[in-house]
Amino acid sequence: MSILLMVGTTKGAFLFQGGVDRQEFEPTGPHFPGEAIYALAFDGRAGRRRVLAGTESSHWGSVVRCSDDLGRTWSDPAEGNVRFPDGTGAALTRVWQLQPAGDERPDTVYAGVEPAALFRSDDAGETFELVRGLWDHPHRSQWQPGGGGLCLHTVVPDWADPDRIWVAVSSGGVYRSDDGGASWQARNRGVRVEFMPDPHPEFGQCVHKVAQAAGRRDTLYMQNHGGLYRSDDGAESWADIANGVPSDFGFAMVAHPADPDTAYAVPLESAMFRCVPDARACVYRTKDGGASWEPLGKGLPQRDAYLTVLRDGFATDGMRPAGLYFGTRTGEVFASADEGEGWRLVAGWLPPVLCVKAAVLS
Amino acid sequence: MATLHLPAALSAYAGGQRRVEVALPGPGTVAALLEAVGQDHPGVRQRVLDELGALRPHVNVFVNGESIRYLTGLATPVGDGDEVWVIAAISGG
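Chains A and B supply the protein sequences, listed in that same order.
The first sequence begins at 14 in my numbering and counts up by one.
The second sequence begins at 1023 in my numbering and counts up by one.
Hints may be right or wrong, so weigh each one.
Claimed, not checked - A partial selection of chain A residues facing chain B, derived with a Cβ cut-off under 7 angstroms:
1) K24
2) G47
3) E48
4) S71
5) H72
6) W73
7) A91
8) E92
9) G93
10) R96
11) F97
12) A104
As the list claims (entries may be wrong) - Chain B residues, not near chain A, derived (Cβ > 12 angstroms throughout):
13) H1027
14) Q1039
15) R1040
16) R1041
17) E1043
18) G1048
19) G1050
20) E1088
21) G1095
22) D1104
Hints listed in this document are in silico derivations from the structure and should not be mistaken for laboratory results.
Even glycine gets a Cβ: it sits at the ideal position worked out from N, Cα and C.
Using the sequences plus the hints, can you model the full thing?
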């Protein structure tokens, strides 16, 4: 077995491979030099070893490319494979998220895109179709772009029910489908906003990341644009869990791969200064569902560090003990082989990191 | 017949050609020319125009040396003997 660490940057993708001790990683890349890679995913279902990449050329547009040989060769769909259909009046700007569905739908891959929409592939990422149920939602016309644009950046397929999917939109909030994407309901009760007169609207929240807990299907963790939250009822309602963090602003949120009470976040100082607080890099971990959080900074720079971790810049490899990885806008990638207790630098001078994903290769 | 000149980055989507001769049924436009090219080389059209048929923001098209942004855009006339250039604008990664 080995670990595949995938890093998307503003100037290409880098694929690292290392042993399961997660001490040393060998890079390949840049793949797609000069293109922005906001979305990467690994699909190990149904015997595949497929890496998916959402690539964005500043000249020639965005497509999803696949590699079945760990980046030696990539598909290059000539006609584009994520296209808004005629009549929508929309054109693809960027692929923000690629998310394989669960094992019960081994050929399904979701793509969250800008302008905010969900696409679905049933051929493992070769071609995608717009999910009309969400596109036609009456709320959509009232969603507002955040600083990154009006994007659907998070797709969470329920590991327990292939028909249940959560998505998050900035700024639209969380929506859930219980029928495979045919219909969607806003699920933002309890999540506050700071940029509208009503602090608790039905929708419009600037949700930054949502992660589903392992082993407890109705528990979700959220990093909001101001606020850390947990839901224990499948996002019907959310409770504030920003207990003991230096800031409740941040982008990333990772659920532990086995313990439903453990989650990780990377607080940033504020919306107006999106760097780690006090210039000290720390990942924060809760082991009690958010009742308390502890800083984990061993091996991370503890002074003069103006690091920013974006919403998809933090990932786990799913192993026990959990391997954790995060990348920064200043081009560092850090890894922990022991659930965050200690960290080491994997790469130090990459272009700004947009996304980090990890997988175990068997 | 009009001639379409492609940048190196797009030649892979036109069978390796940097220069494509395009037969137009009559007096046409840049949009019609790109549609015609897209019949044989859909990857070229995809990278020059978005799904709405709009010219991508960092792609420039010139007809006989003039940028269509200062003419009539994709409605700029193209006819026999015209030289059309697709050039990547000032941008990069």
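Now for the hints, and whether the structure bears them out:
no.	hint	verdict
1	K24	holds (5 angstroms)
2	G47	holds (4 angstroms)
3	E48	holds (6 angstroms)
4	S71	holds (5 angstroms)
5	H72	holds (5 angstroms)
6	W73	holds (4 angstroms)
7	A91	holds (3 angstroms)
8	E92	holds (4 angstroms)
9	G93	holds (5 angstroms)
10	R96	holds (5 angstroms)
11	F97	holds (5 angstroms)
12	A104	holds (4 angstroms)
13	H1027	holds (16 angstroms)
14	Q1039	holds (14 angstroms)
15	R1040	holds (16 angstroms)
16	R1041	holds (19 angstroms)
17	E1043	holds (20 angstroms)
18	G1048	holds (26 angstroms)
19	G1050	holds (22 angstroms)
20	E1088	holds (20 angstroms)
21	G1095	holds (16 angstroms)
22	D1104	holds (23 angstroms)
Of the numbered hints listed earlier, not one is contradicted by the structure.
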